[in-house]
Amino acid sequence: MMTCAASAGEQRNAANSASLPSAAILIDGDDRLSPADYARANGLSPAQMAGRFGATGIVRCGGAVGTGQLVEANNILLTAAHVLVAPGGAPRGTGEDCTFEIDAGGERQRVPILVERAMTGAREPYAMPAIHDWAVAPLLAPVRAARAYPLAPAMKVPGAVVLVAAARSGGEESHSLERCSARQVTAQGPGGLREVALDCDAEGGTSGSALLTPKGGLVGLYVGFRSSHPGTPGPFSMSHYNFALTVEGPLRQAIMSAARRSEPVTASR
Numbered sequence: 001m002m003t004c005a006a007s008a009g010e011q012r013n014a015a016n017s018a019s020l021p022s023a024a025i026l027i028d029g030d031d032r033l034s035p036a037d038y039a040r041a042n043g044l045s046p047a048q049m050a051g052r053f054g055a056t057g058i059v060r061c062g063g064a065v066g067t068g069q070l071v072e073a074n075n076i077l078l079t080a081a082h083v084l085v086a087p088g089g090a091p092r093g094t095g096e097d098c099t100f101e102i103d104a105g106g107e108r109q110r111v112p113i114l115v116e117r118a119m120t121g122a123r124e125p126y127a128m129p130a131i132h133d134w135a136v137a138p139l140l141a142p143v144r145a146a147r148a149y150p151l152a153p154a155m156k157v158p159g160a161v162v163l164v165a166a167a168r169s170g171g172e173e174s175h176s177l178e179r180c181s182a183r184q185v186t187a188q189g190p191g192g193l194r195e196v197a198l199d200c201d202a203e204g205g206t207s208g209s210a211l212l213t214p215k216g217g218l219v220g221l222y223v224g225f226r227s228s229h230p231g232t233p234g235p236f237s238m239s240h241y242n243f244a245l246t247v248e249g250p251l252r253q254a255i256m257s258a259a260r261r262s263e264p265v266t267a268s269r
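If you count by my numbering, then the sequence shown holds residues 1 to 269, one letter each, in order.
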C-alpha cells in the first residue's frame with residue numbers, strides 16, 4: 001500500500017509481518033463487508049459469489065503480504081508490482097517463498113508465482129510514479145477449479161466498482177468486498193492507462209486488489225492511498241482518498257499477452 005501526506009512525496013509500503021502501515025484509509029467509515037455479509041446484502045448464492053468474486057487470494061512474497069487474483073486464465077496472476085518487487089528492483093522472493101494462496105474447488109491451494117517471468121509497469125516500481133505499479137505473472141501451475149476474472153470494458157469514471165481484498169494490516173488474511181465508486185481521474189499514463197481516486201476503504205494488505213463490476217468483470221487494480229490524516233476517517237477529498245489503476249493500455253495488453261501464452265480456463269458470468 002502507498003502512503004503519503006498531502007504535501008509530501010509518495011512512499012509505497014507492502015504489508016509484511018514485521019513492519020506494517022497500521023493506518024486504514026477509511027472514507028467516512030468502514031463499509032467493507034465479509035463475503036457472507038456481501039452475499040446476504042446483495043441476494044447472491046454461494047455459487048454466484050464463487051463465480052463473480054472467487055478468483056481473489058492472498059499473495060505472500062518474502063515478508064510482504066498483499067492481494068492478488070487470477071485474470072483471464074487460472075494460471076495468470078495480477079497484483080501490484082510493489083507486492084512482488086522490493087525497493088531497488090529485486091524480487092521479494094522466489095519459488096516457495098513467493099506464493100498465491102486461494103480457496104477454490106473446495107480446497108486450499110498454494111501455488112508458487114514465477115516472479116522472474118512477471119511483466120511489470122516498471123522494473124523498480126518504487127522509483128516510478130504509481131501509475132506504473134502493476135504486475136502480471138504466471139503461476140507455476142494452474143489453480144484447480146478456479147474461475148478467473150474476465151476483462152471488462154474500460155472503467156467508467158465516475159462509476160460504481162466492487163473492491164475485493166484478501167488481506168489487511170499485520171499480514172492477516174481477511175477477505176472483504178465493498179461497493180464503492182471511482183470518483184475522478186488523477187493521472188494519465190501510456191496507452192490510455194489512468195490512475196483513479198476512489199472512495200473505497202483500504203489498509204495494508206489491500207495492495208494488488210481487483211476492482212470489479214458487480215458481475216465480476218475486471219476493471220481496475222488497487223495500488224494505494226494519499227491522505228493528510230491517515231488512520232482518521234474522513235470524507236472523500238483530494239487530500240484523503242484511495243486510488244487504483246484502470247485495466248487499460250500496457251496493463252491490459254500484458255494480461256492479454258500472458259493469457260495467450262497460457263492454456264486459459266475461464267468462465268463466463
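Worth double-checking, as some hints may not be accurate.
Stated by the list, open to error - Lysine to any residue pairs mimicking SDA-like chemistry, simulated, CA-CA at most 25 Å apart:
no.: 1; residue 1: Lys156; residue 2: Gln253
no.: 2; residue 1: Lys215; residue 2: Gln253
no.: 3; residue 1: Lys215; residue 2: Asp37
no.: 4; residue 1: Lys156; residue 2: Thr232
no.: 5; residue 1: Lys215; residue 2: Gly93
no.: 6; residue 1: Lys215; residue 2: Pro129
no.: 7; residue 1: Lys156; residue 2: Pro129
no.: 8; residue 1: Lys156; residue 2: Thr94
no.: 9; residue 1: Lys156; residue 2: Glu101
no.: 10; residue 1: Lys156; residue 2: Asp199
no.: 11; residue 1: Lys215; residue 2: Glu173
no.: 12; residue 1: Lys156; residue 2: Phe236
no.: 13; residue 1: Lys215; residue 2: Arg252
no.: 14; residue 1: Lys215; residue 2: Arg40
no.: 15; residue 1: Lys215; residue 2: Gly170
no.: 16; residue 1: Lys215; residue 2: Glu248
no.: 17; residue 1: Lys215; residue 2: Ala104
no.: 18; residue 1: Lys156; residue 2: His229
no.: 19; residue 1: Lys215; residue 2: Ser237
no.: 20; residue 1: Lys215; residue 2: Glu101
no.: 21; residue 1: Lys215; residue 2: Ser174
no.: 22; residue 1: Lys156; residue 2: Asp30
no.: 23; residue 1: Lys156; residue 2: Glu173
no.: 24; residue 1: Lys215; residue 2: Pro87
no.: 25; residue 1: Lys215; residue 2: Gly63
no.: 26; residue 1: Lys215; residue 2: Ala145
no.: 27; residue 1: Lys156; residue 2: Ser237
These are computed hints drawn from the structure, not numbers from a lab.
Right, here's what the structure says about each hint:
1. Lys156 <-> Gln253: OK: Lys156 and Gln253 at ~19 Å, within 25 Å.
2. Lys215 <-> Gln253: Within the cut-off at roughly 22 Å; holds.
3. Lys215 <-> Asp37: Holds, because 17 Å separates the two Cα atoms, which is no more than 25 Å.
4. Lys156 <-> Thr232: 29 Å, violated
5. Lys215 <-> Gly93: Not OK: Lys215 and Gly93 at ~34 Å, beyond 25 Å, violated.
6. Lys215 <-> Pro129: Status violated; Cα separation ~31 Å.
7. Lys156 <-> Pro129: 22 Å, holds
8. Lys156 <-> Thr94: Violated, at roughly 36 Å.
9. Lys156 <-> Glu101: Given pair Lys156, Glu101 is violated - Cα atoms ~30 Å apart, limit 25 Å.
10. Lys156 <-> Asp199: At roughly 14 Å apart (the allowed maximum being 25 Å), Asp199 and Lys156 satisfy the hint.
11. Lys215 <-> Glu173: 24 Å, holds
12. Lys156 <-> Phe236: 18 Å, holds
13. Lys215 <-> Arg252: Holds - the C-alpha atoms of Arg252 and Lys215 are around 19 Å apart, at most 25 Å.
14. Lys215 <-> Arg40: It holds: about 16 Å lies between the C-alpha atoms, which stays within 25 Å.
15. Lys215 <-> Gly170: 30 Å, violated
16. Lys215 <-> Glu248: 19 Å, holds
17. Lys215 <-> Ala104: 19 Å, holds
18. Lys156 <-> His229: 28 Å, violated
19. Lys215 <-> Ser237: 28 Å, violated
20. Lys215 <-> Glu101: 23 Å, holds
21. Lys215 <-> Ser174: 22 Å, holds
22. Lys156 <-> Asp30: 24 Å, holds
23. Lys156 <-> Glu173: 30 Å, violated
24. Lys215 <-> Pro87: 36 Å, violated
25. Lys215 <-> Gly63: 33 Å, violated
26. Lys215 <-> Ala145: Roughly 19 Å between the alpha carbons, so the hint for Lys215 and Ala145 holds.
27. Lys156 <-> Ser237: 19 Å, holds
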